[in-house]
Amino acid sequence: MMLHTINKSPFERNALKSCLEHVTEGAAVLLIEDGVYGAMKGTHFTSQVEKAMAKVHVYALRQDIEARGIQDKILDGVGLVDYGGFVDLVAEHSPVIAWL
Amino acid sequence: MMLHTINKSPFERNALKSCLEHVTEGAAVLLIEDGVYGAMKGTHFTSQVEKAMAKVHVYALRQDIEARGIQDKILDGVGLVDYGGFVDLVAEHSPVIAWL
Amino acid sequence: MKFAVLVNEGPYTHQASDTAYHFTKAALGKGHDIVRVFFYHDGVYNATRLATPPRDDRDVVKRWSTLAQQYRLDLVVCVAAAERRGIVDLDEAKRHGLDDDNVAPGFRISGLGQLIEASIKADRVVVFGD
Amino acid sequence: MKFAVLVNEGPYTHQASDTAYHFTKAALGKGHDIVRVFFYHDGVYNATRLATPPRDDRDVVKRWSTLAQQYRLDLVVCVAAAERRGIVDLDEAKRHGLDDDNVAPGFRISGLGQLIEASIKADRVVVFGD
Amino acid sequence: MYVNRKAPHGTIYAFESLEVVLIGAAFNQDVSAVFLDDGVYQLVKNQDTRGIETKNFSRTYRALADYDVDKIYLERGSLEARGLTEADLLVPVQILSAQELAQRMAEQDVILSF
Amino acid sequence: MYVNRKAPHGTIYAFESLEVVLIGAAFNQDVSAVFLDDGVYQLVKNQDTRGIETKNFSRTYRALADYDVDKIYLERGSLEARGLTEADLLVPVQILSAQELAQRMAEQDVILSF
Numbered sequence: 436m437m438l439h440t441i442n443k444s445p446f447e448r449n450a451l452k453s454c455l456e457h458v459t460e461g462a463a464v465l466l467i468e469d470g471v472y473g474a475m476k477g478t479h480f481t482s483q484v485e486k487a488m489a490k491v492h493v494y495a496l497r498q499d500i501e502a503r504g505i506q507d508k509i510l511d512g513v514g515l516v517d518y519g520g521f522v523d524l525v526a527e528h529s530p531v532i533a534w535l
Numbered sequence: 436m437m438l439h440t441i442n443k444s445p446f447e448r449n450a451l452k453s454c455l456e457h458v459t460e461g462a463a464v465l466l467i468e469d470g471v472y473g474a475m476k477g478t479h480f481t482s483q484v485e486k487a488m489a490k491v492h493v494y495a496l497r498q499d500i501e502a503r504g505i506q507d508k509i510l511d512g513v514g515l516v517d518y519g520g521f522v523d524l525v526a527e528h529s530p531v532i533a534w535l
Numbered sequence: 016m017k018f019a020v021l022v023n024e025g026p027y028t029h030q031a032s033d034t035a036y037h038f039t040k041a042a043l044g045k046g047h048d049i050v051r052v053f054f055y056h057d058g059v060y061n062a063t064r065l066a067t068p069p070r071d072d073r074d075v076v077k078r079w080s081t082l083a084q085q086y087r088l089d090l091v092v093c094v095a096a097a098e099r100r101g102i103v104d105l106d107e108a109k110r111h112g113l114d115d116d117n118v119a120p121g122f123r124i125s126g127l128g129q130l131i132e133a134s135i136k137a138d139r140v141v142v143f144g145d
Numbered sequence: 016m017k018f019a020v021l022v023n024e025g026p027y028t029h030q031a032s033d034t035a036y037h038f039t040k041a042a043l044g045k046g047h048d049i050v051r052v053f054f055y056h057d058g059v060y061n062a063t064r065l066a067t068p069p070r071d072d073r074d075v076v077k078r079w080s081t082l083a084q085q086y087r088l089d090l091v092v093c094v095a096a097a098e099r100r101g102i103v104d105l106d107e108a109k110r111h112g113l114d115d116d117n118v119a120p121g122f123r124i125s126g127l128g129q130l131i132e133a134s135i136k137a138d139r140v141v142v143f144g145d
Numbered sequence: 252m253y254v255n256r257k258a259p260h261g262t263i264y265a266f267e268s269l270e271v272v273l274i275g276a277a278f279n280q281d282v283s284a285v286f287l288d289d290g291v292y293q294l295v296k297n298q299d300t301r302g303i304e305t306k307n308f309s310r311t312y313r314a315l316a317d318y319d320v321d322k323i324y325l326e327r328g329s330l331e332a333r334g335l336t337e338a339d340l341l342v343p344v345q346i347l348s349a350q351e352l353a354q355r356m357a358e359q360d361v362i363l364s365f
Numbered sequence: 252m253y254v255n256r257k258a259p260h261g262t263i264y265a266f267e268s269l270e271v272v273l274i275g276a277a278f279n280q281d282v283s284a285v286f287l288d289d290g291v292y293q294l295v296k297n298q299d300t301r302g303i304e305t306k307n308f309s310r311t312y313r314a315l316a317d318y319d320v321d322k323i324y325l326e327r328g329s330l331e332a333r334g335l336t337e338a339d340l341l342v343p344v345q346i347l348s349a350q351e352l353a354q355r356m357a358e359q360d361v362i363l364s365f
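Chains as they are written, first to last, in the working numbering: chain A, 436 to 535; chain B, 436 to 535; chain C, 16 to 145; chain D, 16 to 145; chain E, 252 to 365; chain F, 252 to 365.
Watch out, some of these pointers could steer you wrong.
Claimed, not checked - Calculated cross-link-like contacts (lysine-lysine; reagent style DSS-like; alpha-carbon spacing at most 25 Å):
1. A:K508 with E:K296
2. B:K490 with A:K452
3. B:K452 with A:K452
4. B:K452 with B:K476
5. D:K109 with C:K77
6. A:K476 with A:K452
7. D:K77 with C:K109
8. B:K476 with B:K486
9. B:K490 with B:K508
10. F:K322 with F:K296
11. E:K296 with D:K40
12. E:K296 with A:K476
Said to hold, decoys possible - One-sided excerpt, in silico: chain B residues whose CB lies under 7 Å from chain A:
13. R448
14. N449
15. D511
These are calculated hints, taken from the structure and not from any lab test. Here a beta-carbon is modelled for each residue, glycine too, at the ideal position from N, C-alpha and C.
Please model the entire structure based on the sequences and the hints provided.
Take a look at the structure:
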């Protein structure tokens, strides 16, 4: 099963939107760097992520969430991982695609 | 009157969209680099540019259009300028804002 | 008219540096005055003399140096951005105990105040970036 | 498991280089094997030894060099991307008649084939970029 | 006027833009700082960069008042689209509509964006 | 598989990605190249870079067939959104839907993106 990484804000770029149009059932999506803004609740993008969560597993990097001060605003059901958890996700999935 | 420059594709980033929400009547908008894709006809973004053209003057850099092979697909009413024309637009407008 | 130019990105990766060059050259050709070209962020990479691009491609660094010589342009590289990114002149190299410098002819390294000063002196400021 | 890491952006400007470092370090800490870290595009700027970041900030270049020494990591800088951007080792400096080199300890300059080879050898390839 | 449209940490622009704002203020310029689009994320409270091992420059926004930078504008629509409110912000700001902001921009001598 | 999502000329990624595709083919790897989102602009005909004084690498896409790179995939939706058709492209491509492309991606060993 694939792992998709996204490191861009869904408001600035089309990376997360495009990624979610190209995921297969059961895949994992990991939000890192500015991509973690895609894991917030109550935004104009939230409903698209919630809809995707019926089909794929969504994770976000805890260190990037804390750096941006949004630790209390993360959508329920988003799995939090640290760098070690990122490594585990890569080990458990193949192939890995970065939506740059 | 202001000059707005945009150097990003309207499909990849929100720069042109955000710019068009912040123009005042009679301002000039200059599309350069990957921004010139915003001057094409028949795209999903075209109607937004056409609507803006009722309010602002839209220009695009000829050298960037040719580099991208879209010289036959430019929207009617978009003014084509070369680097010298870019300089003239800057001289004729103030302030200049780059939507990076 | 007096222009100041701000370049926020390095050569080759982003077209911003190319566009800034063509804009600056066209402005000079039309008789305008370029108060200063200020290189900030990755823009400081425009100032390395160690670049050797392929022969069939433009030489971005040399192009700036040549324009500077031809028009006595003031090309200023932000010192804080340059230190982070390894762009150093002889003074900087000495100060930091480095064995080499790498800044190209025509560029000088100075502070951010030079950007503010240029924006005060100029009639127009034009920004090129990502 | 065997990982290959591709770094497409330079230090400080984009977080990609930071994330690649933290990922690589975490993978090594978990006992995985890093076949190679390949620096492409602006990623080659991670390899300059002339950077002197402020004391209250991380030293991205030194961090890579230290990790390379500690784990015998293979840090490879793409030669074509490096030539355009002024990252040179002693051999490259000689070949191009340059007066200085600037590559940091632990990095070596080689061809794009090293990226393909690493992606064949590795079980996973992870890309960090803009 | 300094226009900030980018998120912090993912790129260095927010950090280096703040440096310019402070230098501009030291030159006694009439400085105003605008945060719109992802730029509003720069002002979010509780940023803790220890995990990514970078400088937590978000505290410096609180120092803007000390440098007499009191014209801090933030766009309402950008804030709302991101599920944020004024209570989430590090510093007091003046909230403007897109049209009000457009008007302020048009009145400037110089606009720097990064 | 090489995934191209960026427009040419504004950034160097398209050019340097093409270098990797050619090197990959020289290693006798089973190479496929995907163009989606702004990546479809890379294949547009009639690119003339003399005005911006950069290399016109678009001709090199025509050489892909000589290197036995014949799996060139392009996404239908990306093309249509940009007002382009197959007649606008430099080389013959296989047009896929988003779901077909997703399936091809999932079958790969390695995906490189720039």
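Against the structure, test the hints numbered earlier, and report the numbers of the ones violated in rising order. 2, 11, 15
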